[in-house]
Amino acid sequence: MFLAFLDELRAAGIPASLKEHLLLLEALDAQVIEPTPEAFYFLARATYVKDEGLLDRFDQVFAKVFRGIASNTGVAPAEIPDEWLRAIAEKYLTEEEKAQVEALGSWEKLMETLQQRLAEQHERHQGGSKWIGTGGTSPFGNGGYNPEGVRIGGEGKHQRAVKLWEARDFRNLDSTRELGTRNIKVALRRLRRFAREGAAEELDIDGTIAGTARQGWLDVKMRPERHNAVKLLLFLDVGGSMDPFVKLCEELFSAATSEFKNLEFFYFHNCLYEGVWKDNRRRFTERTRTADILHKYGPDYKVIFVGDASMSPYEITHVGGSIEHMNEEAGAIWLQRVTDTWPATVWLNVLPEAQWGYSHSVTMIRELMRDRMFPLTIAGIDAAMRELSRKR
Amino acid sequence: MRFEGTQSYVATADLKIAVNAAVTLRRPLLVKGEPGTGKTVLATEIAKAVNAPLIEWNVKSTTKAQQGLYEYDAVARLRDGQLGDPRVHDIGNYIRKGKLWEAFTSPVLPVLLIDEIDKADIEFPNDLLQELDRMEFHVYETGENVRAVERPIVVITSNNEKELPDAFLRRCFFHYIKFPDRETMQAIVDVHFPGIQKLLVSRAMDLFYEIREVPGLKKKPSTSELLDWLKLLLHEDMPLEVLQSRDPTKAIPPLHGALLKNEQDVMLFERLAFMARRQK
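Taken in sequence, the protein lines are chains A and B. The first sequence maps to residues 1 to 392 in my numbering. The second sequence maps to residues 1001 to 1280 in my numbering.
Next up, chain A with everything else stripped away, as it sits in the complex (with noise of 0.2 Å):
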């Protein structure tokens, strides 16, 4: 039973399982509810999604698998751009205006027209009475007024409800996931490895009972305070290309600096080569040999490189590549020398991950970096940070 709508729901992307589906039937039978389209589709949602991102996936699915069984008056739930919908302005019809709009017929007309003006409609639109948009008197889109109207996303003006699932109320949640610092600091609190080091502060009680059941009297045993050892390098990309990235970079760079204690970063352009540097208004005066940093820090260090990867392939290849200077070695030597020396080495790409496939260097740099690159999003950060602590 809804064996298929769990394989619709599994194939959107939310990992709804077996144990999942014997509940909801547990629950069914059970008689949680009562038998109605809308008491089924909220013990489901309850049961099968367990993240609010997801929520609106859910509805969308829900919409596909029972259009005709639910209701009567199923309704595709088409995708169609926001931008569309967005009530920029509204047309206040008068009530003779009301009067005047024409119905178009009976529903399944009107649903038949629907999907053949979506079929042909390419751009955004508003007012008017014929394509679908915001504000106009055509049967479709949302915020006009048709005495059958059918209306596809955005706030209805006219009170015309659709279907619970098909106003898909969660379309925000699962969009505007902002990267704020406090959610960047939890994705990088994955990385952690746990040690006792420093000066003994707290009692140790098994130890202190190992050891008064040996003397015999009280010996209190002291011990360090457990903290997050983990040890990293922070390579961000800076100017060009990167300056629409730079609110991201800081978000990402202060949660960093007070989510570890061992945190060195150095900055580089484009691609790392012979030298980096720590302060932006010295970057020609004071130079960090990238030789250096590669014997001072141990391979116990992990290593984080942020950037666009977008740039010329010759930056990555060539002798002299460098926009900037004359280098005596590729990019990817330098890279190459960088993974070898620290074996957990990422990069977070600023670029979303459906363009990095634009961009020839960014599969360069993906490959150079044994694929380990990762979108800066938090899902991103927390699979990066997967990466990282991995034991190797």
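Some clues are possibly wrong.
Stated by the list, open to error - Among the chain A residues that face chain B by a calculated CB cut under 7 Å, a handful are:
hint, residue
1, Ala-27
2, Leu-43
3, Ala-46
4, Ile-205
5, Ile-209
6, Ala-213
To be verified - Cut-off 27 Å, straight-line C-alpha distance, at most; resulting in silico cross-link-like pairs (DSS-like, lysine-lysine):
hint, chain 1, residue 1, chain 2, residue 2
7, B, Lys-1162, A, Lys-231
8, A, Lys-247, B, Lys-1218
9, B, Lys-1219, B, Lys-1261
To be clear, the hints were calculated from the coordinates, so they are not data collected in a lab. Note that CB positions come from ideal geometry on N, CA and C, so glycine has one too.
Here the structure of chain A is known, so what remains is to put chain B in place on it, guided by the hints.
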């Protein structure tokens, strides 16, 4: 036993179904939502509705899963041993019951609230998997097996500061408390302030939703803040005109301290008012 909301708590249809499913099948109910939308209050209200005692376990960053089961007070036993106290011979005297144990062995069916589970270490939920699934655990010191007579109703709240492990999530029902729409909000206000003037509430809510719409707010005011604010307005006997004056140069609402909890947000409002004045 059906949860239908109570006199002091407005539950939406989806919340009722999630609660009833969790109560009937005795699976933990995981509740998430913006701070101040009534996650913790929900457990109190469920307890009230099903007439059960509430056992609260407030989780902090230092809380260990073991503390919910029991703690063995080795230091007390050590001290008693040195003093020759006869109690020392029974190790059971030094086992302190935790909240879970309390809930499992409670004579009447309790509601157990595990509040803000995301505050604890990431491993915390994993350590409670077996205990919450089978509702039993083993006490190593005494060799005793603690098993729930009747599976307690468990409510878990989370503020989303940490992701919870999949295995843990699979065992729960989940409900996300959405920020209430105007109608629900009106119902909530009516429940809390039955006698309040209709017009005043309606104006106050307009203002409240306007504030929530202002882009760039660090902390959007939520239900609990609205209730506090209304309480203040009532207490101060604020005349209706103050709320009704739609002067953009006075963008800051009266008694804004209850709504805006962040000095940057207050600054933002002052700047908006300043810009409105300049435009005149």
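Report task. Please flag the earlier hints that this structure goes against, numbers listed from lowest up. Result -> 6
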